[in-house]
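Given chain F, put chain Y in place with the hints provided.
Protein chains: 2
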Amino acid sequence: MTCPRPTVGIVGSGQLARMMIQAAISLDIRIVLLASDPHDAAAQVASNVIVGSPNDPKALAALTSQCDVITFDHELVNPDALAALETAGHRVWPSSSTMALAQNKRRQRQELSTAGFPTPAFENVECLGDLIAFGERRDWRVVVKASSGGYDGRGVWMVGDPDEAKAIWDGAETSGTVLVAEERLPLDLEFAVVLARRPSGEIAVYPPVETVQRDGICHELRVPANPGANLGVYAAEIAREIATRIGMVGIMAIEFFVSRNELYVNELAPRPHNSGHWTIEGAETSQFEQHLRAVLDWPLGNTDLVSEAIVTLNLIGKDAANDPRLRLAEGLGASHAHVHLYGKEARPGRKLGHVTVVDDSIEAAGARARAVRDALFSAPDR
Amino acid sequence: MTCPRPTVGIVGSGQLARMMIQAAISLDIRIVLLASDPHDAAAQVASNVIVGSPNDPKALAALTSQCDVITFDHELVNPDALAALETAGHRVWPSSSTMALAQNKRRQRQELSTAGFPTPAFENVECLGDLIAFGERRDWRVVVKASSGGYDGRGVWMVGDPDEAKAIWDGAETSGTVLVAEERLPLDLEFAVVLARRPSGEIAVYPPVETVQRDGICHELRVPANPGANLGVYAAEIAREIATRIGMVGIMAIEFFVSRNELYVNELAPRPHNSGHWTIEGAETSQFEQHLRAVLDWPLGNTDLVSEAIVTLNLIGKDAANDPRLRLAEGLGASHAHVHLYGKEARPGRKLGHVTVVDDSIEAAGARARAVRDALFSAPDR
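Here the protein sequences line up with chains F and Y, keeping their order. Going letter by letter, the first sequence gives residues 787 to 1168 in our numbering. Going letter by letter, the second sequence gives residues 787 to 1168 in our numbering.
Calculated from the structure, these hints are not laboratory results. Hints are supplied without guarantee of correctness; some may be wrong.
If several chains are the same, the list does not tell them apart, and a pair holds so long as it fits within one copy or across any two.
[What the hints assert, rightly or not] Capping the alpha-carbon separation at 20 angstroms, the derived lysine to any residue pairs in SDA-like fashion look like this:
hint	residue 1	residue 2
1	1137	790
2	1104	790
3	1137	791
4	1104	939
5	844	1046
6	844	899
This is chain F alone, in the form it adopts within the complex (with noise of 0.2 angstroms):
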């Protein structure tokens, strides 16, 4: 007889592979993961590992030869790779050209912009000379980033004068990096919305989480957010006609920023997404077994809360010596929180795991939250 196990393959071997292979076990869903090191957060867990890059063709013949669908752990796959997978009759969801998009940044604001979705002004800028003239526009209120290849807080850099800029510009040349400038908005608040769209077309919305971030880093997660009802609705339409426009498939966060009460699209992420880890405690169904049900085109889950209010914080690394896994009992002895570490080592700004409180206020959740954060550290980081 044979298996009726779904087989999900992943690229990639990070938390979110970790946590998909977590959710995974409920519904039976077998993975297998490509990673690129064995000792790699996902790879510690999981039952089924093929150790390459994934930039790798063999590697990746190897993966989906097994798999009834491959999924993603981060966008930094070849696109061409996965459109010949795609020729070649294998499922690869999101797809290549949603992996292309999600990749590019320039092409992200261009596309959304001229299909009429709210954005901060920007400029593929091709020069220093483009870049200042940006910024003397924009009266240096800027912010550059890496067209691809960013993350955490890496790839950006506010930029306030020519000299910041010629600094900025010389070091991207240096690097071949591909830049595009942003007006710099005076933020009222940074929320995002995280939905999952399966092949034959159904959508489920999660409520809009506010995003606190420092220094580029998602620091904590807020549950309702409060963009203001309309706004949240509005966001909740964009992110809908974008998801149907794209062809996505899987779950998709998109980041939005409210300045002066006005709605902007930041970018958008195809996959699990640091902004819905709040949803594994705080939402009828988890993004990750949301997704899972999502790329296999099985009905998606209840996105409602759970509870009133929701706070997730995320673990930052400060430095080797303080490392959450050394003070796990002092944490789970602080108070009541969902503890979630990623299995990785402890570096500064590295995203070693989060900490999920259900309760009936941000305040209450928060506090607790916060409490156990800061005895998984050695010193309160506030």
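Then chain Y, alone, in the frame of chain F:
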């Protein structure tokens, strides 16, 4: 640098081990599994598997050599082998003496009764004459149990007259089964108290759960149970006393009867238990995370309900053609529920998975859970 991950060894590889593995991912606990078959429910999702028998001292030694503590998916392990490990300095939780007690229903009944806890009348029947005399005294309202090895209705027989007694006795004599006879009480309610105890003595008790049994197999869990407020409090006290008295470490489930408004202790299981499956989504801390916290002597988690009502339905196998794995999409589409499949071939009477719904009332939760269960089987199960 040494890896700070604690390692827990699990003897046995059924669904309980499978759900422990799933819970261990969040807390970055490394699990090593001793599985008798590499295709077992837990072995499918384990990243570290030793294939061997729990009664092979070499296999047990291989397991303990790489673990900080070992624990169990089932009771069927030789307590002498465990005692030898303890003597050699290994941490074994629950201890060899707790395991010995759990394996032996005669000893269990005797110790609970001697300690003054309310139990049904019982007798260690040593010959057919003993059994017939016990039956006469109890007006043939009698249940006969194998002292060890029974589960899910196996090793339990209702005996209503001398002919039935003789048939059971002859079968037991042939197979060398030791029997205990008990009075069969008219049942108002069956419920269980699940608790965790850690070596330091801390105990955390979950609210009582009603267990709906048919043919000795648990079909449904309802939380909160309503044994009457006094009986619920009394049962929780009894459970605490038993756990302390036997030096329990880990999750323990104690099954209770209510008969004519009186409370009786039925039996205990020193491990995560079917009657605790509702805790995965229905309690602040799942029994599987709680068990791992307890055996590692970490602070225990909160046991509060997350909502007013929780219903869990077991998915009990009918025949090989009725495999919920083949109808998962239909099940997920039927209503919103948390579906757990154990990766087991469908066979009559086998627990293949469970479905949990958290809602505002037992009625509402039960209706949704039944819709999903019915859709997971070809023919409705009423």
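Hint check results:
In this assembly of identical chains, the alpha carbons of residue 1137 and residue 790 lie at most 20 angstroms apart only when taken from different copies (17 angstroms versus 36 angstroms within one copy). In this homomeric assembly, residue 1104 and residue 790 come within 20 angstroms of each other (Cα to Cα) only across copies, at 17 angstroms, whereas the closest approach inside a single copy is 45 angstroms. Taking the shortest alpha-carbon separations for residue 1137 and residue 791, only the inter-copy value of 17 angstroms comes in at or below 20 angstroms, while the best intra-copy value is 32 angstroms. Taking CA atoms no more than 20 angstroms apart as the test, residue 1104 paired with residue 939 passes inside one copy only; the shortest distance there is 15 angstroms, against 54 angstroms between copies.
When the C-alpha separation of residue 844 and residue 1046 is checked against a cutoff of 20 angstroms, the pair qualifies neither within a copy, at 51 angstroms, nor between copies, at 70 angstroms. In this assembly of identical chains, the alpha carbons of residue 844 and residue 899 never lie at most 20 angstroms apart, being 38 angstroms within a copy and 66 angstroms across copies at closest.
Violated hints for the displayed structure, listed by number in ascending order: 5, 6.
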